[in-house]
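Visitor: Let the hints inform the model, and build the full structure from the sequences given.
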Amino acid sequence: MQSFALYPFDPPGDVAALRADLRGWLAVNQPVDDIVARANCWASFDPDFSRALGAAGYVGMTLPAIYGGGDRHPLERYVVIEELLAAGAPVGAHWIADRQTGPLILRYGSDEQRERYLPGIAKGELYACIGLSEPGAGSDLAAVRTSARETAEGWRINGQKIWTTGAHFSHIMLALVRTEEGSERNAGLSQLLIDLDTPGITIRPIIDMAGNHDFNEVFFDDVLVPHGALVGTRGQGWKQVTAELGLERSGPERYLSSHALLVALIDAAGADPEPAIAGVIGKLTAEMWTLRQLSMSTAAKLAAGEDPMVEASVVKELGNAFEQDMPRRVQAIVDCAWDDKADLARLLRALLIASPSFSLRGGTREVIRGIIARGLGLR
Amino acid sequence: MSAAREMLCDTARAVLAGASDIAPVEEAGFALLLVAEEGGGFGGDWGDAHAVLHIAGMSAPNIPVAAVILSGLGDVSMPHRAAATVSLMAGAMGQALALSIDHVNTRQQFGRPLGKFQAVQQSLAVMACEVAAVDAAAAAMAARLDASGFDADAAVFEIAAAKLRANRAVGVVTSIAHQVHGAIGFTEEYDLHRVTIPLMRWRGEHGNDAHWAQALGRQVAVLGGRGLWESLTARAG
Ligand SMILES: Cc1cc2nc3c(=O)[nH]c(=O)nc-3n(C[C@H](O)[C@H](O)[C@H](O)COP(=O)(O)OP(=O)(O)OC[C@H]3O[C@@H](n4cnc5c(N)ncnc54)[C@H](O)[C@@H]3O)c2cc1C
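Line order of the protein sequences matches chains A and B. First residue of the first sequence: 86, per this note's numbering; consecutive thereafter. First residue of the second sequence: 309, per this note's numbering; consecutive thereafter.
Watch out, some of these pointers could steer you wrong.
[To be verified] In silico negatives: residues of chain A with every beta carbon more than 10 Å from chain B: (1) 156; (2) 236; (3) 321.
[To be verified] Restraint ranges, calculated between C-beta atoms of paired labels, are given here: (4) B/375 x A/417: 37 to 45 Å; (5) A/196 x B/318: 48 to 56 Å; (6) B/310 x A/416: 45 to 53 Å; (7) A/116 x B/458: 42 to 50 Å; (8) B/413 x A/389: 29 to 37 Å; (9) B/492 x A/417: 32 to 40 Å; (10) A/149 x B/310: 32 to 40 Å; (11) B/334 x A/101: 40 to 48 Å; (12) B/370 x A/356: 40 to 48 Å.
In case anyone wonders, no lab produced these hints; they're calculated from the structure. Even for Gly, the Cβ is constructed at its ideal location relative to N, Cα and C.
Guide: Right, here's the structure in full:
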């Protein structure tokens, strides 16, 4: 991957009309919420908004029409999600289901699973969470110990997941579990689709340092799920998860989470900013524009059926660095007290506090750099 | 890449490989690359110029290939020269990365190739991200120049963003490349300085960071916060 071949981003159909329609729809339907909610908006949970968005055809866009999807091209979906993020729309409730769980069920799931889950996902009504991390398995995901044993009645699950974003409002979890007794590392893992109202599941909140309840601990105590909960091939969980992470890492959310702050900075600076502020706006814009090119190119490569694992990691690495740097740069030039009530100040504070998580969630900086190094042939 | 561009690149590689001065570049007719076919030229687009300059930055960064190619356009502005420089920079950075990878895979210390050490791997990953960013910026800028018919004013947003992004990558790329090379990279004999010194020079030519940051920042201030997004999405994609 030494040279980043730029894939042309060329969605079918009238992209300008797609954007205009969505902007018109948002002008009417986007809730008038606090500016702070507009930052990091893929963590803002608003089921009413998700349902309305689904009814308007902007959720499950790439799923087949027989499952209630929009039969649209992945790059049309890309256009829609970048617009939603740039507008700071509260897309958190359906985000994971729409981005990765739906596509994964379509790719690896059984007919029964597709019929059961995809229509709800496309309506923006069925929410999913990602059950990967465990207390002993963080960066070292292959250390997963939660087990599922096959019995006559189904799979019996015991163990614990942690840091599970949205488990408390999700209907299903796509979990990586050890189905083969005595197996080690990335062998013997499988993916199970677990209905979270199954008896034996306990979900406990973990409050984050911003005071928000986004992630959770999820305990499985002799939880019985049907045989049909297995997704894809038994023992191939590792491979499937790797594909899922490709969907997760390169999207526009990796550089647009903090877009609200850039917008607020530009608006606060006015049309004739002082040179120090103009310079920072220029640098942030150059970075943001470049990230958009990288992200679009990676999306185009993904849409062409290739596996841009390394490119996706490049987008995540640079996007995380940009989004962590932005609030620091803004703080360095804008004079405001920590408890200032002005929009810009509140947004700044929220993003300074939220930003350490950017290079943890979805794979840590070190893990991501390791993937890139492997792509360079160094590992 | 189209077959015509593929051939053009093969020619450029062959001409530039051993070139020590500009004569072979002129003889090969690169001054006609951007001249329209009706005018007796090759009728290439900016994407073609970008591809040739990328190769020049990689293998002949000290030969004024950009000046020869731009001469075909007659009167060129400073943004045109900045745009050409971005392509050179992308190529030179790619070469610095390639040399670095090669070096850490061969040089052994502590009984292992340097590339087996995690600290070295992580440094090169950081460098590769910068190179990827500049490649993407350069290619998108070239696409915009083609969409605008080489009109540098219409493409000044992309040129500013791409030159600024490339400038900012120079420090990271040159310092990591030299760090992983150790002393050998600091010698006259070894090839690394043939790309790192030009990179240092290009950062200050045709607009340094402050120049383009001000230019871009002022453009964006006029657009306004939401206007920036509307403008970005109206310009491409
Ligand atoms: C906001 C947020 C949301 C999340 N949501 C989810 C979710 O929905 N589902 C889910 O499954 N998980 C989720 N996670 C968990 C996330 O995936 C993990 O935090 C991450 O994988 C790192 O694991 P860890 O926290 O155990 O850190 P550790 O693995 O303990 O790592 C700590 C530090 O050591 C470094 N490190 C570890 N091993 C190495 C090594 N070999 N070489 C060099 N450095 C190393 C890491 O890079 C990191 O910097 C979320 C995390 C956050 C912060």
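Visitor: Next, verify each hint and record whether it holds.
Guide: These are the hints, each one checked on the structure:
1. 156: Label holds. Min Cβ-Cβ 21 Å, cutoff 10 Å.
2. 236: Holds: least Cβ distance 43 Å, greater than 10 Å.
3. 321: 28 Å, holds
4. B/375 x A/417: 37 to 45 Å: For residue 375 of chain B and residue 417 of chain A the Cβ distance comes to about 39 Å; the hint holds.
5. A/196 x B/318: 48 to 56 Å: At 51 Å between Cβs, range holds.
6. B/310 x A/416: 45 to 53 Å: 47 Å, holds
7. A/116 x B/458: 42 to 50 Å: 45 Å, holds
8. B/413 x A/389: 29 to 37 Å: At 30 Å between Cβs, range holds.
9. B/492 x A/417: 32 to 40 Å: Holds: the Cβ-Cβ distance is about 38 Å, inside 32 to 40 Å.
10. A/149 x B/310: 32 to 40 Å: 34 Å, holds
11. B/334 x A/101: 40 to 48 Å: 44 Å, holds
12. B/370 x A/356: 40 to 48 Å: Between residue 370 of chain B and residue 356 of chain A, where Cβ atoms are some 43 Å apart, the hint holds.
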